[in-house]
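A.B. asks: First to last, the sequence lines map onto chains G and Z. Each residue of the first sequence is one higher than the one before, starting from 1 at the first, in our numbering. Each residue of the second sequence is one higher than the one before, starting from 1 at the first, in our numbering.
Read the hints as simulated data drawn from the structure, not as lab findings. Even for Gly, the Cβ is constructed at its ideal location relative to N, Cα and C. Heads up, a few of these hints could be off.
Once the Cα atoms are required to be at most 30 Å apart in a straight line, the calculated BS3-like pairs of lysine-lysine come out as [said to hold, decoys possible]: (1) Z:124 with G:121; (2) Z:73 with Z:95; (3) G:96 with Z:42; (4) Z:214 with G:85; (5) G:121 with Z:126; (6) G:80 with Z:95; (7) G:80 with Z:212.
Coverage of chain Z stretches by chain G, computed from C-beta distances (three or more under 8 Å per stretch; other residues unrestricted) [as the list claims (entries may be wrong)]: (8) 81 to 94; (9) 167 to 176; (10) 205 to 216.
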Amino acid sequence: MTTDVNYHPAAELLEAFAQGTLSTGLSVALSAHIELCASCREESRRLESTSALAWSQAPAQERNEDVTEDFSALIASIVKQPQLKELSSEQFSVDKIHMLEHSVTLPRALAKVASEGLVWKKLAGGINQAQVTLDDETQCEFIYMKPGSQVPVHKHQGNEITLVLDGSFSDELGHYQAADFVVRNQAHLHRPASEEGCLCFAVLDGPLAFTKGLARLFNPINRYRFRRATSQ
Amino acid sequence: MQNMSTALGGFNVGRLANSKPQRTPGRASQAVIGDLADSDEKLLIAVGNRQDTQAFNVLFSRFATRIYAMGMKLTRNEQLSHDLVQEAMLTVWQKAPLYDLDRGNAQSWIFTLTRNRCFDMLRKIKRQPSCVSADDIWPQDGDGEHHLVHEEQGSLEVEVALIERHYTSLPAPQQAVIEQIYMLDRTHEEAAAELMIPLGTLKSRLRLGVGKLKQLIGIEK
Numbered sequence: 001m002t003t004d005v006n007y008h009p010a011a012e013l014l015e016a017f018a019q020g021t022l023s024t025g026l027s028v029a030l031s032a033h034i035e036l037c038a039s040c041r042e043e044s045r046r047l048e049s050t051s052a053l054a055w056s057q058a059p060a061q062e063r064n065e066d067v068t069e070d071f072s073a074l075i076a077s078i079v080k081q082p083q084l085k086e087l088s089s090e091q092f093s094v095d096k097i098h099m100l101e102h103s104v105t106l107p108r109a110l111a112k113v114a115s116e117g118l119v120w121k122k123l124a125g126g127i128n129q130a131q132v133t134l135d136d137e138t139q140c141e142f143i144y145m146k147p148g149s150q151v152p153v154h155k156h157q158g159n160e161i162t163l164v165l166d167g168s169f170s171d172e173l174g175h176y177q178a179a180d181f182v183v184r185n186q187a188h189l190h191r192p193a194s195e196e197g198c199l200c201f202a203v204l205d206g207p208l209a210f211t212k213g214l215a216r217l218f219n220p221i222n223r224y225r226f227r228r229a230t231s232q
Numbered sequence: 001m002q003n004m005s006t007a008l009g010g011f012n013v014g015r016l017a018n019s020k021p022q023r024t025p026g027r028a029s030q031a032v033i034g035d036l037a038d039s040d041e042k043l044l045i046a047v048g049n050r051q052d053t054q055a056f057n058v059l060f061s062r063f064a065t066r067i068y069a070m071g072m073k074l075t076r077n078e079q080l081s082h083d084l085v086q087e088a089m090l091t092v093w094q095k096a097p098l099y100d101l102d103r104g105n106a107q108s109w110i111f112t113l114t115r116n117r118c119f120d121m122l123r124k125i126k127r128q129p130s131c132v133s134a135d136d137i138w139p140q141d142g143d144g145e146h147h148l149v150h151e152e153q154g155s156l157e158v159e160v161a162l163i164e165r166h167y168t169s170l171p172a173p174q175q176a177v178i179e180q181i182y183m184l185d186r187t188h189e190e191a192a193a194e195l196m197i198p199l200g201t202l203k204s205r206l207r208l209g210v211g212k213l214k215q216l217i218g219i220e221k
């Protein structure tokens, strides 16, 4: 486990994750970070139990006509079902990604995502990209930057979350290593480069990526879908 | 951890497993349960250990409205929320034998289980790819450790005398479990009933206790 993580998701993101209100793409990125980061793991457990407490103490919602509903038939059918004695311990077919000489063990959620098979595309500047579709609100991709590679300057439309899985990269604002959770939005002029090579998982959100309450975490999002305007 | 314990009404949610700091033995969980006549935990234990349908009825009436409310918050759809009540309570029934007291209280357990069912339900309805499920995104501690559960009754390959000499250095809750299974030769079900703990808790304490015992006795490879 990585102990020295410098960039973490905001508290509100962790809370939304615990409550299950994030898109699948973002949830996968959060899950992977939490598996790699002890402090966020601790924090998300805490948020899970405070969310559970708030949930169980909330005043009963209006249930309209349902209040009088008779559940006895439903209950009777449920208790006829067999119970589980053991969790099915499914095996994952892929938990490592091989990139050139590297072989990287992935966090569980990402291992599941990658187990479907990744199709890598070569982009300019020594960048390889494998897109995965997790939902219709985000665009997700594994990105592998070869040693010495540099992404052309670009500006984000919407937000981009980058989780470093192996190696490191830098941009104008910092240097990022394994487990770092980096958030960039359209205000940033972005020019990532990697000296030693870097494998990342990136989530780009479209205009609808966040539930209402969460959207205020980020700058207003352009009505733009999944395009990074690239200029040389 | 401090905060979490408070939030959970004093339950010890830490486990003894590998390398986590601030882990304290699962002290006095039984006492806590004993004090709360009809606590959610007690009902859940009855459902998991004895297939107690009356206890399940009470849990259903306590949680159906809350589950429905979470469904409305996450789906904004009455029919889906209704389905969620059914799905989540079915999962409560099915997984009750796996509930582990040492990892959190009943409401946390039902909360996360409901959240996960809802997440998967929504993904299905939105026809999102099924490569990843809620249980991958929020894995339980110890998922995947389960094949390590010491299933065979009384098969610890050392004499009882050797166990007796060492087992007193284990935390009390683990001692109690080892005693039931290896000395009194009880089944898991009998031991869980005797100790008034969930089967899931019994198994995880047994796993931790046996692991430690093996280390102490020095037969761990």
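A.B. asks: Now tell me if each hint is right for this structure.
C.D. replies: Comparing the hints with the structure gives:
no.: 1; hint: Z:124 with G:121; result: 29 Å, holds
no.: 2; hint: Z:73 with Z:95; result: 24 Å, holds
no.: 3; hint: G:96 with Z:42; result: 42 Å, violated
no.: 4; hint: Z:214 with G:85; result: 25 Å, holds
no.: 5; hint: G:121 with Z:126; result: 28 Å, holds
no.: 6; hint: G:80 with Z:95; result: 14 Å, holds
no.: 7; hint: G:80 with Z:212; result: 39 Å, violated
no.: 8; hint: 81 to 94; result: holds (count 6)
no.: 9; hint: 167 to 176; result: violated (count 0)
no.: 10; hint: 205 to 216; result: violated (count 0)
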